[in-house]
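S.K.: The residues making up each chain are set out below.
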Amino acid sequence: MEKSKTLFEKVWDSHTVMQREGEPTLLYIDLHLVHEVTSPQAFAGLRLAKRQVRRPDLTFATIDHNIPTTSDERFHIKDQIAAQQIATLRRNCESAGIPLFDVGSGRQGIVHVIGPELGLTQPGMTVVCGDSHTSTHGAFGALAFGIGTSEVEHVLATQCVAQTKPRSMRLTVSGNLPEGTSSKDLVLDIIRRLGTDGGTGFVIEYAGEAIRSLTMEERMTLCNMSIECGARAGMVAPDQTTFTYLHGRPYAPSGNAWTEAVNRWQQLATDESAQFDREVSIDGSRLEPIVTWGTNPGMAAPITGRVARPDEARDASERAAILAALEYMGLQPGMRIEDISLDRVFIGSCTNGRLEDLRAAAKVLRGHKIHASVTALVVPGSESVKHEAEREGLDRVFIEAGAEWREPGCSMCLGMNPDILAPKQRCASTSNRNFEGRQGREGRTHLVSPATAAAAAVAGHFVDVRGWHYKE
Amino acid sequence: MEPFRQHRGTVAPLLRENIDTDQIIPKQHLKSIERTGFGAHLFSGWRFHGDGTPRHDFVLNQEHYRSASILVAGKNFGCGSSREHAAWALSEFGFRAIIAPSYADIFRTNAGNNGLLLIEMEEPLVRRIAEQAQTKPPYELTIDLEAQTITDDFGFSETFAVETFRRHRLLHGLDEIGMTLLREADISRFEERRRTFLQRGT
Ligand code: SF4
Numbered sequence: 355m356e357k358s359k360t361l362f363e364k365v366w367d368s369h370t371v372m373q374r375e376g377e378p379t380l381l382y383i384d385l386h387l388v389h390e391v392t393s394p395q396a397f398a399g400l401r402l403a404k405r406q407v408r409r410p411d412l413t414f415a416t417i418d419h420n421i422p423t424t425s426d427e428r429f430h431i432k433d434q435i436a437a438q439q440i441a442t443l444r445r446n447c448e449s450a451g452i453p454l455f456d457v458g459s460g461r462q463g464i465v466h467v468i469g470p471e472l473g474l475t476q477p478g479m480t481v482v483c484g485d486s487h488t489s490t491h492g493a494f495g496a497l498a499f500g501i502g503t504s505e506v507e508h509v510l511a512t513q514c515v516a517q518t519k520p521r522s523m524r525l526t527v528s529g530n531l532p533e534g535t536s537s538k539d540l541v542l543d544i545i546r547r548l549g550t551d552g553g554t555g556f557v558i559e560y561a562g563e564a565i566r567s568l569t570m571e572e573r574m575t576l577c578n579m580s581i582e583c584g585a586r587a588g589m590v591a592p593d594q595t596t597f598t599y600l601h602g603r604p605y606a607p608s609g610n611a612w613t614e615a616v617n618r619w620q621q622l623a624t625d626e627s628a629q630f631d632r633e634v635s636i637d638g639s640r641l642e643p644i645v646t647w648g649t650n651p652g653m654a655a656p657i658t659g660r661v662a663r664p665d666e667a668r669d670a671s672e673r674a675a676i677l678a679a680l681e682y683m684g685l686q687p688g689m690r691i692e693d694i695s696l697d698r699v700f701i702g703s704c705t706n707g708r709l710e711d712l713r714a715a716a717k718v719l720r721g722h723k724i725h726a727s728v729t730a731l732v733v734p735g736s737e738s739v740k741h742e743a744e745r746e747g748l749d750r751v752f753i754e755a756g757a758e759w760r761e762p763g764c765s766m767c768l769g770m771n772p773d774i775l776a777p778k779q780r781c782a783s784t785s786n787r788n789f790e791g792r793q794g795r796e797g798r799t800h801l802v803s804p805a806t807a808a809a810a811a812v813a814g815h816f817v818d819v820r821g822w823h824y825k826e
Numbered sequence: 008m009e010p011f012r013q014h015r016g017t018v019a020p021l022l023r024e025n026i027d028t029d030q031i032i033p034k035q036h037l038k039s040i041e042r043t044g045f046g047a048h049l050f051s052g053w054r055f056h057g058d059g060t061p062r063h064d065f066v067l068n069q070e071h072y073r074s075a076s077i078l079v080a081g082k083n084f085g086c087g088s089s090r091e092h093a094a095w096a097l098s099e100f101g102f103r104a105i106i107a108p109s110y111a112d113i114f115r116t117n118a119g120n121n122g123l124l125l126i127e128m129e130e131p132l133v134r135r136i137a138e139q140a141q142t143k144p145p146y147e148l149t150i151d152l153e154a155q156t157i158t159d160d161f162g163f164s165e166t167f168a169v170e171t172f173r174r175h176r177l178l179h180g181l182d183e184i185g186m187t188l189l190r191e192a193d194i195s196r197f198e199e200r201r202r203t204f205l206q207r208g209t
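Quick mapping for you: the protein sequence lines, in order, are chains A and B. Heads up: the first sequence begins at 355 in this note's numbering, then just goes up one per residue. Heads up: the second sequence begins at 8 in this note's numbering, then just goes up one per residue.
Think of the hints as simulated: they come from the structure by calculation, not from any bench. A virtual CB, placed ideally from N, CA and C, is assigned to each residue, including glycine. Take the hints with a grain of salt, since some may be wrong.
To be verified - Derived CB-CB ranges, DEER-like:
hint	chain 1	residue 1	chain 2	residue 2	range
1	A	Thr518	B	Asp151	19 to 29 Å
2	B	His71	A	Asp637	25 to 35 Å
3	A	Arg673	B	Arg196	53 to 63 Å
4	A	Glu633	B	Glu9	42 to 52 Å
5	A	Gly602	B	Ala168	45 to 55 Å
6	B	Thr171	A	Arg521	33 to 43 Å
This is chain A alone, in the form it adopts within the complex:
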């Protein structure tokens, strides 16, 4: 009988091209996603060495990181260096024969939003991209991870990456997530418990009742932030929810190929007797909305809680980290999370820029007005998300509440385009990183779910969305 295996091991083993003692495994890549910021040096390296792109048919590109989000400017970029990066990607794709989902094509968007929505991401695949949030695609039971630019060049040239085999962790979430909480709160809570390096060297498989009842988009949010606890990747075993989501998408198999694919995908689940290197369990039914107060995603507290105090630190280096974070964030030690007031709200990014996220935010905002001291920006994750949201009238809800409704891109998640925080501005953001300066030099970021962000926009400070007064 064959050895019992985890989902991760099944995908890893079926993509091993070569394994020699003492060397990293040569792993075949089924899907390589490319964007404008981390690829130009890789294409230049290829040209320099007179090498070809081996599988342009397994490579797909889009423009997301530095594209402006106003309807005018996205076609007439003022920032010359950003424009050059985008022009370079277009040229590189054209000469290598790589399909590019360009601005205005109806398919452009954040790379981790469009891969799944086009059906490019499928169960059991290996997926890489020069971007750490590639872990998003693990929601489909794919092994998906971010790589550096030298590795992008390596994949372009060989369709393989050389990787040391990570260890495996199973994170079981029991119960059902309570009303008013979401998978964003869940993943922030997980990072808070594991720490920002608690997952280093591991691939995490999320399992348990709470995970099974998440939608695909919620699973993507969860897997997306796996990298924030240091994990190489996050994965969820494919099930009927996965198949229903994929069926009929442009790049998904169809006809007989669909039936065969589903049969194959059903074999991917972790075998019952398979062993993990580490097991962690969490009771999902006790989850609360979570807000980060510090300068990494692990520095977080429940909405009903307080900002950390230096005297709670376990050791001298944690104490120093808390002090530095409080100073940067301009917060008082031990103050109530609900007493933190805001200048900006950002709803979008590859973590929370999908249709369900926008629906969750709109549900809170409907019939309310955004607080006079807050400006709010809503940025759909892709052209298709934008189109769908407008069909449902969500754009009207945002605009009537007083928010700005923009064109798709990474936007204020990292502010490589004109959407940035001014120094000391405080922002409730549905993105994934609250590092110093991430959303603009000296900007202060609090990571939250779309519902919590929307409620904060109305109240002008953080509030517990579990007690929200929904209108209509």
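Given the coordinates of chain A, assemble chain B with the ligand onto it according to the supplied hints.
M.R.: Leaving out everything else, chain B with the ligand in the frame of chain A:
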């Protein structure tokens, strides 16, 4: 890639935990299509005031550390974004090696692909090296990758572990793509086996 065998250099202490790649090279400097030009912006949020003038309290702006080539840092160095620009910036600034209790995975690979040696040491040892660098600058260390030792001129001597293959590549400055391309036949055989799997819809 420049081979790494032995290196003697000055140590700069930056004993913060979780130094992320957004700090190492902030996003406003990522818009280049070149591999060079990032050293000038290394740690720019910490190194410079908003108006571009240097912050004198930052270690790399202080006389004894300006030409440091060995960085000592806290745990989980290089976490966050996958940007290889972080490794490029560190190398271009002049760093050849980093000593820390642990590193983030993607950064580890990026460093390896740029000839930057990452040394992992127990926290108390890292702390001790940082203290030396702080109290008696310029404090120099000699790193011997062949022997896997770190020594100073005052009798300090420690060995360190490094994966065999990574060490081999660093010692010889080997280009990973060239090495993989030698396996061309294996890759083609693999593709043949998985042909139907790789077929796509429209
Ligand atoms: S939305 Fe943010 S995290 Fe996601 S790919 Fe874009 S910049 Fe990276």
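S.K.: When the structure is checked against the list of hints, which entries are broken? Sort them ascending.
M.R.: Numbers 2, 6 - these are the hints that the structure violates, sorted from lowest upward.
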